[in-house]
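Chain by chain, the residues run as shown.
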Amino acid sequence: MTRIHDSNFFVKLVAAFAVMTAAWLLRDWRAGSALAIVVVGLLAVLRVPHLGTYLRGAALLVLLVVASWILNLMLQGERLDVALPVAFAMAARLVTTTAVFFFVMETSTPGSILAACSAARLPPIVTLVLSLTFGIIPMLREDFERIGDAQRARGMEIDDVSLPMRLRFALARGVPLLVQAIRMAHAISLSLSIYGFDLGRKRTTWREVGLLVEPRLQKGLSR
Amino acid sequence: MTLGVGENLLVCGAAGSGKTTLLGAASGIVPRLVTPTSFSGDVSLDDKPLHEISRDSLFARIGVVMQNVEDQLWDLGVEDLIAFPLENRGVARGELRARIDHLLTHFMLDDLRGRRVLSLSGGERRMVAIAAALAASPQILMLDEPTTGLDPAARQRLTGRLQEAASQTGALLITEQDPAPFEAIATTVRFIKGGQLSASRPAFNAMADQSLWHEAGILPPRRSLVPRASVTPGRELLSVREVETRLARKDGAPVLNGIDLTIREGEVVGLIGRNGAGKTTLFQAILGLAPIRKGAVGIDGQPTAGWTVARRARSIAYLPQNMRRILFNMTVREEVVFAITAGAKPGAETEAQAGAALAKYRLGDLAESNPFALSARQQALLGLACADAMQAKLAILDEPLLTRDREGRQMLDRFVDSFTGRGSAVLLISHDLDLVAELASRVLILEGGRIAFDGPAGASWTSPAFRALDWAPPQPVHTDFAA
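One line per chain: the protein sequences are A and B, in this order.
When the letters of the first sequence are read in order and numbered with the working numbering, they come out as residues 93 to 315.
When the letters of the second sequence are read in order and numbered with the working numbering, they come out as residues 626 to 1108.
For the record, the hints were derived by calculation from the structure and aren't laboratory data.
Careful, some of the hints might be misleading.
[As the list claims (entries may be wrong)] In silico lysine-lysine, DSBU-like type, Cα no more than 35 Å apart, as pairs:
| no. | chain 1 | residue 1 | chain 2 | residue 2 |
| --- | --- | --- | --- | --- |
| 1 | A | Lys294 | A | Lys311 |
| 2 | B | Lys818 | B | Lys673 |
| 3 | B | Lys985 | B | Lys970 |
| 4 | B | Lys875 | A | Lys311 |
| 5 | A | Lys294 | B | Lys673 |
| 6 | B | Lys919 | B | Lys985 |
[Claimed, not checked] Chain A stretches covered by chain B per the calculated footprint, using a threshold of three residues with CB under 8 Å from any CB of chain B:
| no. | stretch |
| --- | --- |
| 7 | 173–183 |
| 8 | 269–280 |
[Said to hold, decoys possible] Over the 10 Å line for every Cβ pair with chain B, so calculated as not near, a few chain A residues:
| no. | residue |
| --- | --- |
| 9 | Arg95 |
| 10 | Ala107 |
| 11 | Leu117 |
| 12 | Val132 |
| 13 | Gly144 |
| 14 | Thr145 |
| 15 | Val157 |
| 16 | Pro215 |
| 17 | Val218 |
| 18 | Met248 |
| 19 | Ile250 |
| 20 | Pro256 |
| 21 | Thr297 |
| 22 | Leu303 |
| 23 | Gln310 |
In this text, a Cβ means the ideal position worked out from N, Cα and C, and glycines have one as well.
Please build the complete structure, drawing on both the sequences and the hints.
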C-alpha cells in the first residue's frame, strides 16, 4: 500500500478531482452514499494514517449536514420524505470530497510535493504555495494534538469530562495553536531564506519522479 | 570581533549573555531576517558589508545552525532537508544524490533515511541540520550551542566532522556554554558577558585557566566534580514493572521491552542512554502518553491502570528541554497558577503561592509577560517554578538547559534541594554526564529498551553497561560531599 501513498502528488490530485466530480454529478442519494462508503473503505484498505480522526470528523459533518438540510427544506415547505434523500445526497458528496482530499493530504509530505513540483519545472511560487497548502494542515493537526498532550501532561483533565467540556477545552487550544502557527510560519520563512529558496530560480530535486515519487535515498544508490 | 581564515572561534558565555544575538548578527540573520528594535554597527564578509551582499550569496557563504533547531526546520524528510539548499540553487540530480548519500553516511545518519525531520529526537534533528548546513560547502560555518541534546558519542562524532569541515571551510564560529567537546578543534576562545565580548585568547590557554570561566559565569571545562549529599531513600514513589510499549522499532521490537525501575522519596536518579534509546518513550509511558502493551506503573503506592494522563500528571511534573512544548497560558503568572490548580478554580492562597514560586526562581518581574516571549533560559526557570509550586511527588527533568552556567546551576540545585527536602524525588534525563555525576545518587542506563544498569552513581561509570556505550566517563568526582 505504501507504493500508492508514494504516488506522484499530481496523480493523486487529478484522481481526487475526478472522484469529487463524479460524486457531485451523481444525483441519486443511494449511488452517492455507495460511492462515499467505497471511498472511505478504500482509505481503510490503504491504511491512511489518522483515519480514526477523520472518521470522527466525517460523522460530525454528516450529522450537521443532514440536520441542517432537512431543517432548511422543511422550513421551505418540503415533506420529510423529499428532504431526506436531498440531505443524504449532499452529505455523501461532502464525505467523498473530504475523504479524497484527506487521502491526498495525509499521504503527501511537503518534500514529495516539492519534488513533484520541481520535477514538473513549475515556477517556485506555485511549488511553495502547493507545498504549504497541503503540507501545513497535517503539521497544524499534529500541533493541536501535541498541545492537548501538553495540557494533559500538565494535569488538565480533558479526557474524563463531558462532551461539551471537551469541546470547550478543544476550543481553548486555539490560542496556543495560533501562537504555534505563527512560529511555524516564521520557521518556514527563515528556513527558505537561509537555505537559498529564490522565487526567481527553478528548483531541482534529488528524487526520481514519475508516476511514483521516490520516498528515500537508498544507501550507495546515489546515481 | 574578527574571524580569520582557518580560525575556529569558540564564544562562551552563560545563558542570556548574548551568544545567540552575536551569532545572529555575525551571520546576517539579524537584521536581515529578524529585525531588532535597534541595530547599529557593521558586519563585513571579505571586507564587504553584509548588507551589500545578496541574501542568496550571503547564506550560500555562511552556513548557520541555530540553538533552537526547530526554528529553522519544517516538515521535510531527512534527505529533503540536506538537499534543500542545493535543490534551491538548481544543482543537478546526480550531484545532489551523491552529496546527500555522502553526508548521511559520513554523519552516520543512514538509519534516518526516509524519516521525517520532525519525527526525530532532538539530537538527531541537530545532526541532520548540521549536515544540511554543510551541504552547500559554506565558507564559514556558524553553530549556536551545537551539542545541545547530543549524547556523548554523537558529540564526539560531531566534533570529528567539524574538524574535517574546518579544514574545508574558511572558518568556524561556535557559541557554547559547554566548551569541553570543542577543546580539540577550537583555535581561539572569547567570553561574552552582559553583551560585552572579551579579548581573543588561544584555546589551549583558556581551557586551563579556571578563573576566566568563573568570571564569565560558566562552569570550567576541566574541574573536579562535587556530588550532592545523598538523602536516605524513603518509601516508593514510582514503580515501573515489566513495562512493554505498543510503540515499536523498525525491527518490530517494542521501544521499551520489560522495563523495571523504582524511584523512592528523596532520591535524585539519573537516566542515561544513547539518542533514540527510548528515554522519551519511558517518561511518556509513565505519564500514560505512550500506551503500554504489558506491565504496570504505580504512583505513590497506587496502581495507575485506568488513570487518565492528567491524573498521573498531578503527581508527576514533566519538564522538557524545550519548555515551549508545554506552555499554553497567556501570562507567566497564569502558567504557575495552572500548575497549582490544574485548571480548577484558584483558591485564596493560589496567587500568593504562584508569586512566591516565581520570586524563588527570579521571575517575579516577568509575572505578566507572555511565556512565549521569554528566552529559553527563562522558560526553563518557569518550568522549575511550575513544578515546585505544584508540589509534585516526582519531577522528570529532560535535558535541563540550566546546567553549565553558574547561576542556572544554582537555580537547578535550589529546585533539587526543594524537591528532595520535602520527600519528593527527581528523575534527571541527561547526556551531561558531569551533571548526572554531581546530582544523581543513583544511575539508570537504558539500552535496547531495557534498564541495563541500576545502581549507585559511583559504580555506574565502571559498569559493563556503561562500557558498552563507549562513552568517556565524567570528570573525576571529589569524595568530599557538597554542603
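Against the structure, the hints:
{"no.": "1", "hint": "A:Lys294 <-> A:Lys311", "result": "holds, 27 Å"}
{"no.": "2", "hint": "B:Lys818 <-> B:Lys673", "result": "holds, 28 Å"}
{"no.": "3", "hint": "B:Lys985 <-> B:Lys970", "result": "holds, 24 Å"}
{"no.": "4", "hint": "B:Lys875 <-> A:Lys311", "result": "holds, 17 Å"}
{"no.": "5", "hint": "A:Lys294 <-> B:Lys673", "result": "holds, 28 Å"}
{"no.": "6", "hint": "B:Lys919 <-> B:Lys985", "result": "violated, 41 Å"}
{"no.": "7", "hint": "173–183", "result": "violated (count 0)"}
{"no.": "8", "hint": "269–280", "result": "holds (count 6)"}
{"no.": "9", "hint": "Arg95", "result": "holds, 14 Å"}
{"no.": "10", "hint": "Ala107", "result": "holds, 23 Å"}
{"no.": "11", "hint": "Leu117", "result": "holds, 35 Å"}
{"no.": "12", "hint": "Val132", "result": "holds, 25 Å"}
{"no.": "13", "hint": "Gly144", "result": "holds, 14 Å"}
{"no.": "14", "hint": "Thr145", "result": "holds, 16 Å"}
{"no.": "15", "hint": "Val157", "result": "holds, 31 Å"}
{"no.": "16", "hint": "Pro215", "result": "holds, 13 Å"}
{"no.": "17", "hint": "Val218", "result": "holds, 15 Å"}
{"no.": "18", "hint": "Met248", "result": "violated, 5 Å"}
{"no.": "19", "hint": "Ile250", "result": "violated, 7 Å"}
{"no.": "20", "hint": "Pro256", "result": "holds, 15 Å"}
{"no.": "21", "hint": "Thr297", "result": "violated, 6 Å"}
{"no.": "22", "hint": "Leu303", "result": "holds, 18 Å"}
{"no.": "23", "hint": "Gln310", "result": "violated, 8 Å"}
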